[in-house]
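Please work from the sequences and hints to get the whole structure.
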Amino acid sequence: MVRYVSGRLLAMALTLFIIVTISFAMLRLMPGNIFENPDIPQVVREALNAKYHLDKPIMVQYGYFLRGVLADGDWGTSIVLQPTKPVFDILWQRIPVSMHLNIVSLLISLPLGMLFGILAALGRNRAPDHAISFAVVMCISIPSFVFAAVMQYFLCFRLGWFPIIYRANQVGWEYLRQIVMPVLALSFGPIAATTRFLRGELIETLSSEFMMLARTKGLTHFHATVRHALRNSLVPMVNSIVGMFVGVLTGSLVIERIFAIPGVGGIMLQAINALDHPVTIAALIFYSLVSLLSILIVDLLYGVVDPRIRMGSRR
Amino acid sequence: MTNINETSIPEFEGMFDPLNTEALKDDVFQTSPMGFFKESFLRFTRYRVSIVAFWIIMVVVFLAAFGPALNPYGFNDQNVARMNMPPRIPYLEKMGIADGSRILTNRRASGLSDLTVYPPGSIMEIMNPRMISGVEMVDLKVNYYSFIGLGDEYFWFGTDYLGRDLFTRLFRGTRISLIIAIFSVAINTVIGVIYGAIAGYYGGNVDMLLMRLVEIISGIPQLVVFTLFILVFGRGINAIIFSFVVTGWMPTAYLIRAQFYRFKGREYVLAARTLGVPDRLLVFRHILPNCVGPLITRAMIAIPGAIFSESFLAYIGLGLQPPEPSIGVMLSDGQRVLLQFPYQTLFPAIIISALMISFNLFSNGLRDALDPTKRGEF
Chain A
1 MVRYVSGRLL AMALTLFIIV TISFAMLRLM PGNIFENPDI PQVVREALNA KYHLDKPIMV
61 QYGYFLRGVL ADGDWGTSIV LQPTKPVFDI LWQRIPVSMH LNIVSLLISL PLGMLFGILA
121 ALGRNRAPDH AISFAVVMCI SIPSFVFAAV MQYFLCFRLG WFPIIYRANQ VGWEYLRQIV
181 MPVLALSFGP IAATTRFLRG ELIETLSSEF MMLARTKGLT HFHATVRHAL RNSLVPMVNS
241 IVGMFVGVLT GSLVIERIFA IPGVGGIMLQ AINALDHPVT IAALIFYSLV SLLSILIVDL
301 LYGVVDPRIR MGSRR
Chain B
1 MTNINETSIP EFEGMFDPLN TEALKDDVFQ TSPMGFFKES FLRFTRYRVS IVAFWIIMVV
61 VFLAAFGPAL NPYGFNDQNV ARMNMPPRIP YLEKMGIADG SRILTNRRAS GLSDLTVYPP
121 GSIMEIMNPR MISGVEMVDL KVNYYSFIGL GDEYFWFGTD YLGRDLFTRL FRGTRISLII
181 AIFSVAINTV IGVIYGAIAG YYGGNVDMLL MRLVEIISGI PQLVVFTLFI LVFGRGINAI
241 IFSFVVTGWM PTAYLIRAQF YRFKGREYVL AARTLGVPDR LLVFRHILPN CVGPLITRAM
301 IAIPGAIFSE SFLAYIGLGL QPPEPSIGVM LSDGQRVLLQ FPYQTLFPAI IISALMISFN
361 LFSNGLRDAL DPTKRGEF
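Sequence order for the protein chains is A and B. Each residue of the first sequence is one higher than the one before, counting from 1 in my numbering. Each residue of the second sequence is one higher than the one before, counting from 1 in my numbering.
If you're looking for bench data, these hints aren't it; they were derived computationally from the structure. Keep in mind that the hints are not guaranteed to be accurate.
Claimed, not checked - Label-pair restraints from in silico Cβ distances: (1) B:Tyr161 x A:Ala274: 20 to 28 angstroms; (2) A:Leu159 x B:Met131: 47 to 55 angstroms; (3) A:Trp161 x B:Tyr161: 25 to 33 angstroms; (4) B:Tyr202 x A:Ala274: 43 to 51 angstroms; (5) B:Leu275 x A:Leu70: 41 to 49 angstroms; (6) B:Leu282 x A:Leu10: 52 to 60 angstroms; (7) B:Thr373 x A:Ala274: 49 to 57 angstroms.
Source: prediction; values computed, not measured. For glycine and all other residues, C-beta sits at the position ideal for the given N, C-alpha and C.
Take a look at the structure:
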């Protein structure tokens with residue numbers, strides 16, 4: 001187990017290092033950044049040099065950048081959006097909002113997706129299965145921003161059931177009402193993905209011999225499925241959580257914009273369009289970190305669930 | 001060897017009647033043997049949903065190819081005199097759908113006869129008359145085209161905030177989406193096949209090294225790769241395709257690697273190798289053809305993914321350089337005026353949803369049709 005975990009950690013650190021390096025190279029080598037402006041006064045230039053060590057070779061600059069990030073938590077300051085404000089502070093306010101939304105969406109998606117998956121597998125090739133499969137294709141195909149737009153127009157605007165945009169500092173019932181739409185828009189895809197995956201896995205497992213044994217010894221169809229087949233199907237499903245979480249995180253970029261939610265996605269889009277590179281890079285590293293962490297957690301979970309992996313044999 | 005029927009053995013002469021040599025005890029095959037692809041095609045034709053999906057794709061492809069040329073408006077003809085026009089389609093307008101109408105609220109009832117404001121034939125319906133502080137006010141449903149003096153123009157899907165024809169823009173955007181999707185998937189497939197074939201065929205340390213590399217690359221979120229590529233290389237079609245290639249080739253490589261592991265130990269491969277067939281031929285002539293079915297399925301599944309990614313990037317402002325249209329850009333522009341002009345979101349939403357659903361259903365059918373375990377099943 002120790003060897004397995006350390007291997008995963010090493011791979012993760014390497015990936016993160018590559019991402020940070022590429023991001024840094026982009027920041028310094030990109031055409032048209034503020035450091036190349038010839039009109040900068042000498043005083044400002046010296047100040048910039050002192051801050052970013054621009055007069056040193058690029059490798060030395062990279063060393064300073066890494067030391068800043070690792071030792072002091074210094075991600076640089078925003079240039080355009082909120083000048084002189086540390087990037088870390090800008091992101092720190094917004095991370096909880098985004099993460100909250102994503103985790104709620106995932107917590108809804110997994111049980112619902114599993115429920116539909118079991119229903120579809122139990123009623124295989126009959127009406128419930130066909131209905132669920134049809135809905136799955138729809139939900140997997142239609143982009144979340146189309147869902148969001150349709151729901152925003154009909155449910156929020158026409159029917160007025162939910163607020164059209166998100167307002168900060170709401171609590172209790174009002175808060176719940178306003179996150180329903182974004183969370184739903186984010187959840188359709190993952191629900192459908194879970195359903196499809198579990199249905200496929202269950203159908204494969206249902207025809208195996210131990211299921212026949214379970215039925216032979218007198219368990220009901222439902223009981224056998226939930227107690228025996230489901231457990232077996234959960235092992236590969238753990239792995240699909242990563243993709244889902246990263247997908248939800250990416251999707252929330254657009255959903256946050258549609259419902260005007262002050263999350264990381266919004267600030268990243270603004271930063272991209274305003275060419276505020278320090279903010280962009282910090283946001284990208286945030287996304288990478290979250291995705292890598294979820295990969296790590298799932299890998300560890302996988303090790304816990306499946307002893308073959310824990311014991312060090314190849315997947 | 002002589003035919004036994006013609007051999008006469010003297011001592012048994014006349015004791016036996018020869019069997020009827022004409023009658024065959026076996027049935028003759030009535031059909032000619034069928035290859036894998038022919039059978040797959042026949043199986044595919046039985047999936048009605050997939051056939052419908054295929055024809056929807058064909059219609060959208062046709063419109064993407066020729067749609068922008070079907071009306072006189074260019075994709076970037078800006079004209080503020082005709083901005084945010086509602087959709088108006090010939091023939092359908094007589095049925096009350098897409099008739100170019102718009103509701104104008106709170107108009108003075110006394111001004112309705114003013115022909116300079118309301119040209120003849122522009123008022124379609126007068127609704128909701130009411131008195132507001134002594135003045136009679138009404139809501140009007142007008143033919144917006146006649147109302148602003150463009151009586152014989154037809155913008156099928158309406159126009160946007162710059163007066164650009166949405167039909168032309170939508171299908172020009174669809175065309176670009178399809179081109180990006182097809183090119184990126186084709187390149188992905190080639191790279192994935194070569195990479196997966198090398199990893200799977202040679203195995204051992206080569207495989208270990210290559211797969212560690214894939215693991216590291218696939219740890220980088222797609223979004224990060226897209227953003228970096230497009231910020232650094234600009235918003236060209238090449239940068240977008242390239243960023244899709246960087247993130248998209250790995251599933252194909254995994255697939256091909258797994259297939260190679262399955263087939264490289266088979267006896268026929270061993271036989272070919274014993275006969276001195278070089279590695280290159282073994283890989284491409286003897287093992288790879290086994291992977292064609294899953295490969296086609298994988299590529300077809302990747303296409304809607306690429307279409308989605310393209311429109312997603314365009315939506316968040318990382319798509320092609322304006323004024324080049326894209327479904328994502330149109331959806332994002334439409335989102336801003338969703339509550340006033342929902343049709344500006346409606347049409348791009350329908351097209352992208354139809355395209356994604358059709359491609360998914362089509363590739364589902366293709367997957368079942370090309371599934372080698374279903375040979376002989378109809």
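Do the hints match the structure? See the list:
1. B:Tyr161 x A:Ala274: 20 to 28 angstroms: Once the Cβ atoms are compared, 22 angstroms apart, the range 20 to 28 angstroms for alanine 274 of chain A and tyrosine 161 of chain B holds.
2. A:Leu159 x B:Met131: 47 to 55 angstroms: Because 30 angstroms falls outside the window, the suggested range is violated.
3. A:Trp161 x B:Tyr161: 25 to 33 angstroms: Distance hint for tryptophan 161 of chain A, tyrosine 161 of chain B holds at roughly 29 angstroms.
4. B:Tyr202 x A:Ala274: 43 to 51 angstroms: Distance hint for tyrosine 202 of chain B, alanine 274 of chain A holds at roughly 48 angstroms.
5. B:Leu275 x A:Leu70: 41 to 49 angstroms: Between leucine 275 of chain B and leucine 70 of chain A, where Cβ atoms are some 59 angstroms apart, the hint is violated.
6. B:Leu282 x A:Leu10: 52 to 60 angstroms: 35 angstroms Cβ-Cβ, so the 52 to 60 angstroms window is violated.
7. B:Thr373 x A:Ala274: 49 to 57 angstroms: Taking Cβ atoms as reference, threonine 373 of chain B and alanine 274 of chain A lie about 54 angstroms apart, which means the hint holds.
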